[in-house]
Amino acid sequence: MLAALNRRFGYDERSAAILVFPVVAVLLVVAAYPILYSFWVSLHDIVLTRPLRRPFVGFDNYLRIFEDERFWLAVSRTTFYTVVTVAVTTLLAILVALLLNEAFPGQRLLAALLLVPWATPSVVNGLMWKWIYDPTYGLLNALLVQLGLLDRYRAWLGDPDLTLLLIANAAIWKQMPLAALLLIVTMKAIPDDLYRAAKVDGANVLQRFAHVTLPALRPGLMLVLVYETMISIRHFDLFLIMTQGGPGDASFVLSWLIYVETFRSLRFGTGAAMSYVLAMVTFLLSWAVIRWLGKRI
Amino acid sequence: MPIPALTSPRRRILAGLLGTPAMLAGIGSGPAAAQAGGTLNFVGWSAAVDQVKAQISAFERATNIRVNYENFPWAQYRTALVTRLVGNAPIDVAWISDAWLPEFAEAGWLAEINDVPQLMRYNAEAAEYCTQSMTYRGRQYGLAYYGDHMSFMYNTEILQRAGISAPPTTWEEVVQQSLRIKQQGISDYPLLLSLAADTWLIEFVSALTFAFGGRFTDEQGVSVMADANRGAVRAAQFLRDAIHQHKIVSPGAVETPEINGLRAMGGGAHAFGIVPTYRIRALNDPSQASAAGKIRIALMPKGGPDGTNATCGWIRFYGMTPGAKADRARRERAVRFIEFFGGRDTSGNYSMQRLLLTDVGLPSCAMPLAQDPAVQEFWQRWAGGGAIIAQQAGLAKKKDVISPWFGEWVETANQAWQSVCLGRAEPEAAMRSAGNKWTELRRAFR
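Chains A and B are the protein sequences, given in the same order. Everything in the first sequence is counted per our numbering, starting at 1 for the first residue and increasing by one. Everything in the second sequence is counted per our numbering, starting at 1001 for the first residue and increasing by one.
Everything labelled a hint here was simulated from the structure, so no lab data went into it. As the structure is a prediction and not an experimental result, all values here were calculated from the model. Misleading hints may appear alongside valid ones.
As the list claims (entries may be wrong) - Examples of chain B residues lying across from chain A (beta carbon under 10 Å, computed):
id: 1; residue: Pro-1073
id: 2; residue: Gln-1076
id: 3; residue: Thr-1079
id: 4; residue: Leu-1085
id: 5; residue: Trp-1100
id: 6; residue: Phe-1104
id: 7; residue: Trp-1109
id: 8; residue: Thr-1131
id: 9; residue: Asp-1188
id: 10; residue: Trp-1417
id: 11; residue: Gln-1418
C-beta atoms are modelled at their ideal positions from N, C-alpha and C, and glycine is treated no differently.
Just need the whole structure built from these sequences, with the hints factored in.
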């Protein structure tokens, strides 16, 4: 058998396989096994507080999820949050990338400062915004009252109509710099000749943006949209720190539902099934974006 | 009930992974400890850590038993403890909340102590309510770490400034006095209620429900919370009116956790509040609160036509694991530890209970301590006397929603209460939703 393998694969291929094997082995243990194990868990009715029973229920956990009104509530909250976060992040990132693509005094410093939010740990970001929105000593209240725009302090995160938008704002603040950076890299690759040709043809700034910059930005945009969608749909840390799914059910997103089901209700079976559903939705959305934009590149 | 043997390789792997920290802790104790009185693994949440460590030192000196002490933040404690118990980690003694007792007992994670006379004898000196809170289906599962209840507190200075001579005795009076204080511009929101959806919420709303003469479940454990007269609807209606109609409670209450509420009360921002009794020490400590010296306790006001002065009480206790009980040496160490901490120490004193009260303010379940001059001095110094507190403690009621499904149900209940506070749900509809979840979980458990 060894001889057959030697005949089929050359020296280089065999060496590569040997060198790659340790990494593959580690990945199998730390990634593949947990993924498969969690799928096995999702097929059982495992409740940690009832350790003596763990019946096999097949796909019942998955069916139960779709009958659970909390799930659909969480889907609607997640959809709203993801759309707002991805749309605003992308829009702002394009504007910032356009600005930083120009040469002006302090451009490098500004580009460096742009990375500060991105480098801030998620937990710190969540705490910082929670304090900014605080109803008793928050910076936002102080600012608005001093500017005369508010007559008394408000409980910003206590307003269910605003909660998701305020959390989205915190997410955008952190995520936008990386998106802008990815777009700047793409912009730098656009040949100047195209702009010069457009100018010769009499195109104004907006026309140059619409007909030169935007089409050339598609690979970067695809990356940003896929990445931001994947991140936003699975956001958890901000919800844990800022609202814990509340007030009421105002920020009851999918990741929070999974946390509650798994670590508070200790229903590992349905929690694992929900995680699989979320993973599949993320995968399908990313695939759709890649396909949709990929056709246009 | 002993923990079932881990039969499958997967369970053994899980057990190994989850038990690793505790096993490492055990290994760290070294042969010296094993040669002496042995080692005991104790898990608690991150509260009174200095006092616990001091008592552990005293215990180690008195018994030659080495203690491995691990603690986790309260918010993550239940999950952290459950994963360790599922993994069969070698825990001997753990702090347990009364709210988890049924689910832990049903899961076989706690050992009963009815057959341990060395511990059961302390029932004769413990408040009846405390012993009941550690008992499930006729079996007792530990000795008290502390027992406390929700108190109605008021700021004497604010009342004086508003020309109010006596604290309110009914919730209707609370509204009237609050409106008076508000109209005089002394406080925007005179009544403090910390209604963030955390572990304290059920204690606050239970206190209010009991004061309105209501309850969540009847003696058989059937949900009555949506009953307009004897349920929790009146209390929910009061909350809604207080926030939206009278505007005496801040709309920000839904994002105010207990600790932030404490700070606001200590800062003198509120005239009235429902606060855990043990916080009275911090509230009247000048180094911690600007309103120090002005906070006093009154009996819980009565609410509505069937109102009572009842409040919600709770206890936390030392529980022994079945694994520890099954092994003779571990059992002996665990029993000595629980007695030393939850009962009397080797000198015959309730030293831990006394330390927790005088250092942290945590009230004790041990009745003899009430006669201790140091304890009396403590209440006099920090609360202006202990008579009202003792009277209120006698009127404290255990949460009637403690059940094996409590952990799951409380998530729905918290959302229901918050929806009422936000004005997004009618009190009766919200309580019906919480009641339906209760019934569903109760049926599923059978």
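Against the earlier hints, flag every one the structure doesn't satisfy and list their numbers going up. When the structure is compared with the hints, numbers 1, 8 turn out to be violated.
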